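Top line first, the protein sequences correspond to chains Z and C.
Here our numbering is used: the first residue of the first sequence is 904, the next is one more, and so on.
Here our numbering is used: the first residue of the second sequence is 484, the next is one more, and so on.
The set of hints was computed from the structure by calculation and includes no laboratory data.
A few of these clues could be false.
[Claimed, not checked] Each computed PhoX-like pair below joins lysine-lysine, with the alpha-carbon atoms no more than 20 Å apart: (1) C:K705 with C:K677; (2) C:K677 with C:K485; (3) Z:K1182 with C:K728; (4) C:K485 with C:K533; (5) C:K705 with C:K728; (6) C:K700 with C:K501; (7) C:K586 with C:K700; (8) Z:K1039 with C:K501; (9) Z:K918 with Z:K929; (10) C:K531 with Z:K1190; (11) Z:K1173 with C:K710; (12) C:K501 with Z:K1190; (13) Z:K1190 with Z:K1114; (14) Z:K1190 with C:K705; (15) C:K681 with C:K531; (16) Z:K1182 with C:K586; (17) C:K501 with Z:K1173; (18) Z:K1149 with Z:K1175; (19) C:K676 with Z:K1173; (20) Z:K1175 with C:K700.
[Claimed, not checked] So these bits of chain Z aren't anywhere near chain C, every CB distance computed over 10 Å: (21) L1000; (22) A1004; (23) D1014; (24) D1017; (25) A1031; (26) R1041; (27) T1054; (28) L1072; (29) G1107; (30) E1110.
Quick caveat, the model's predicted, so the values are computed rather than measured.
Just so it is clear, CB atoms sit at the ideal spot from N, CA and C, and this is done for glycine as well.
Listed below are the residues making up each chain.
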Amino acid sequence: MILVVLDHDGSKLRKASLEALTRARKLAEALGARVAGVLLAEGPAPVEEARGYVETLYVAEPGPYTAERWAAGVLEAAKGGARAVLAPSSRQSRAYLGRVAYALRAGLLEDTLDSWAEGGQVYATRYAYLNRVTQKVRSALPAVLTVKPNTTPLAEPLGGQGEAVALSLPPVPTLEVLERVQEEKRGVSLTEADVVVTGGRGLGGAEAFQKVEELALLLGGAVGATRAVVDAGWRPYAEQVGQTGKTVQPSLYIALGVSGAVQHLSGMNKSKFIVAVNKDPEAPIFKHADYGIVGDVHQVLPSLIQAVKRLKD
Amino acid sequence: MKFVAVIRQVPDGESRLKVQGGRVDLSGATLILDQMDEYAVEEALRLKEKHGGEAIVVGFGPERTEEAIRTALAMGMDRGVHVVHEGYADPVAVAEALAPVLKEEVPTLVLTGGQQADWDSQALGAALAEALGVPVVAWTTALELEGETARAKHDLDEGAEWVRVPLPAVFTTQQGLNEPRYPTLPGIMRAKKKEIKKVAFQGTAKVEVLEESIQEKARLGKILDGKDPVAAAEELVRLLREEAKVI
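Chain C with its partners taken away, still in its complex shape:
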C-alpha cells in the first residue's frame, strides 16, 4: 500500500505579515508545514503503521519548501518528492503539476489539507481528484480502510455524513481527524538521510495575483484584571455600552 500526503510550506498564522510593493513579503515570517497538511501527514503515517506499505510526502512550492518536507520526513514519512515552483500558483495549475507525479506513484490514497493557510484555497484536493479521475472526500474527520474501499466521515455545509469510497481516492484533512505527532530527535537525524526527489514545475498558470494589502484590523487591546469578577464584568459592560456602543 502507498499513502501519499501532499503538503505546502506557509507562514505561521501567528506571525506578523508585511506588504512590500503591493505584495505580501514573507521574509520576516516564520514558515511552517501547513497545519492542515500536518493532519494529512499524520493520517498517512497511521495508515502505514496499521496496514503496512510506504508513506510518501509530496511538497509543492519554492526551494525553502524542502524544510517542510524534512519536517514530514522527521515525523516518519519514508521519502519525499518536491515539485519546485516560486510564487503563487492557482489550484488548477498546482494539480496539473502534481498529477504526473501522483500517477507515477500509483497511491492507495492521497491526503492533503482542507485549506491552505496562505492562499486560503480549498480546491486543491478536488482539483487533484479530477486530475486523477478519482472521487474526493472533503473535510475528513474519520477514515478507515476496508479492503478495496475506505469508510470515512466528513463535514458538509449542514451536518456531516459517513461515506464508503472506492480507492484510490483523495481526502482533504482538517482539525479533529487526528493529533499530529512531533518530530523526535532520532526522527530528525534520520530525516536528513531520506531521499527528496526534485521535480520541475509543469503547469499553466490560470490566475495571477495583481495586488495584496493587509486587512488586519487594529484592536484596542484593553485588558482588565478579573480578580474581582463582578467589578471587571461591570466595567466591561460599561465599555461595550459607552465606548464601543455595541450593546
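Extracted from the complex, chain Z is given alone in its bound form:
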C-alpha cells in the first residue's frame, strides 16, 4: 500500500493533495502496490470527494491539530502495511511526518520535486543548501515523502467511490492549544502570484506599506514582508517570505528596503527576475539581483509607482 495524507481545508481537498496523489500513483505502479488515502480532520472533512480518488480511505478524527495526534492518525492508517507514505509539504506535515518517519524507521525525503521507484527503492530530487543545490536521493522502503507544491500535475478522480474505513486513535500525550492566532486573507495569494513586491525594515514603518500595496496592485501582484517587518507588527505573518515564512517563485520579485539575509533569500531565490531597491550599495540583496537601484526607497518607490502608471497609460 502507498498511503497518501489528503490535506484539506475543511470543505475540499487542497490542490497539493492531488499532486501527492499523482506521485503516489506513480510509485504504486512501479512497486505493484495500491493507493490508499488518509483524511485527518478536526471538523468536517471532504470524505465523499476523497473517496473519488482512492480505493480505500482511512478517516480519523484526532481533534485539533497537533503533531502528536496527526502522527498517530497516519501511523494507524499505515498499519495496513504502508510501503510509502506521501503528504503535501507544509509546515504542519513536516512536524508530524518527522515523527511518523522515526516511528516507521523510514527514509524521510522532504520537499521532493519529483520521485520515482526503481528496483524496489524510492528515488527523489529535492533542493538543499537553502535552495541553492539540487540533490538526487535514494531510500529503501519504507519511505516517507513530502511533495513540494506546484511541482506535479493534479490527479484525476478514479470514477468510483472508494471504501471509507473509520480509524479510532488512542489518546496520545501532546500539547494543549490555548489560542489560535488567525491571519487575515487578502488580495492575490502570495505563493501563486506572478509578481511579488516585498518590503523590508528599510521602509521604516507600517505606513510605508501603503505605497508597497499600491505598486503591487498596479502590477497585479501580492505584497510580501520580511521576518523583521512581521516581528515589528507592521504586516501579518501570512505575508512573510523566507525560510520560516512562505517560499515564492514569481516571474518578478521586487525587494524594497530588504537587506537580503540568507533566510529571506532562501524563500525567493528561485524567482525569475529579482529587483532590489536599497540605499546601502553593500547590501547582500544586490548580489542576488538582476536589476537594482541604490537609493532612498522613500523617494524611489513613489517614482516607480509613477513610472508604472505612465507605462499603463
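Assemble the complex: chain Z is given as a structure, and chain C must be docked to it using the hints.
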C-alpha cells in the same frame, strides 16, 4: 534544570558553493554554527539564566563540528557532547544517534533549529521528539517555563498558536525567538577549557545522497544609481518592460 541545544555546523549562506564529482565540496566555504541553531543556544542560555541549572550543547557532525560546539561554549553553554559522523545523515538516523545521548542527560527540554542550512531538513526536532516519546513544538517564537509545563507560541501554516506543553518536550527554533549574543573574549578563553565529550555515531542510514548540482541562477546585476530617483525609476521600468519582459 537542564537545557539542551542540539546544533550542527553548516556553510555560511553567503559563502560560495562548488560541486566536485557530483557532490557539494565545502573545502572553500566558511563554516559556521547553523544560525537556526544559534537561536536554540541563546534560548537555552536565557532559560538557565532565569531558572538556574545547566545548559548543554550537543553537536552532530564531522570532527570540524567541534568549532561550532566551541562557539556555543563561548556564548556561555556549560559543556558539550559531540556525536561524530562524517558526511550526510538523514534525520531519522541522526535522531537514532542522538536519542541515547539525550536520554542519558534527562533534559528539562531540548531545543534545535527549525531548518538545517545545508540539508534543508526540517524534521530533526520532530524525529527527536518521537525518539524520546515527548511532544514537539515546531517553529517556536516565544517560550516561558511554568512549573512542570511550558507556554509557547509557534507558527502554523496559517497563522500561529499559543500552546501549553508538558515537559520534557522538544522545541524547534527560528528567527524572532531571540537575538543570539556574540561570544566575548573571556567567553572564548573559558570555552577552551570546557569539556567536550566525544561519542561515536550509532544509527542506521535510511537515505543516501547520490548526486548534487548547483542550482544558483546567474543574475544580471544591473545596478542603477538612484540619486535621481525619477530617472532611475523610469530606466528600471523600461528594462523590466523591454529587456526582462515581465511587466
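Taking the hints in turn, this is what the structure says about them:
no.	hint	result
1	C:K705 with C:K677	violated (50 Å)
2	C:K677 with C:K485	holds (17 Å)
3	Z:K1182 with C:K728	violated (26 Å)
4	C:K485 with C:K533	holds (12 Å)
5	C:K705 with C:K728	holds (15 Å)
6	C:K700 with C:K501	holds (14 Å)
7	C:K586 with C:K700	violated (44 Å)
8	Z:K1039 with C:K501	holds (16 Å)
9	Z:K918 with Z:K929	holds (17 Å)
10	C:K531 with Z:K1190	violated (40 Å)
11	Z:K1173 with C:K710	violated (30 Å)
12	C:K501 with Z:K1190	holds (17 Å)
13	Z:K1190 with Z:K1114	violated (25 Å)
14	Z:K1190 with C:K705	holds (10 Å)
15	C:K681 with C:K531	violated (24 Å)
16	Z:K1182 with C:K586	violated (51 Å)
17	C:K501 with Z:K1173	holds (18 Å)
18	Z:K1149 with Z:K1175	holds (17 Å)
19	C:K676 with Z:K1173	violated (44 Å)
20	Z:K1175 with C:K700	holds (9 Å)
21	L1000	violated (7 Å)
22	A1004	violated (5 Å)
23	D1014	violated (7 Å)
24	D1017	holds (13 Å)
25	A1031	violated (5 Å)
26	R1041	violated (5 Å)
27	T1054	holds (14 Å)
28	L1072	holds (16 Å)
29	G1107	holds (16 Å)
30	E1110	holds (19 Å)
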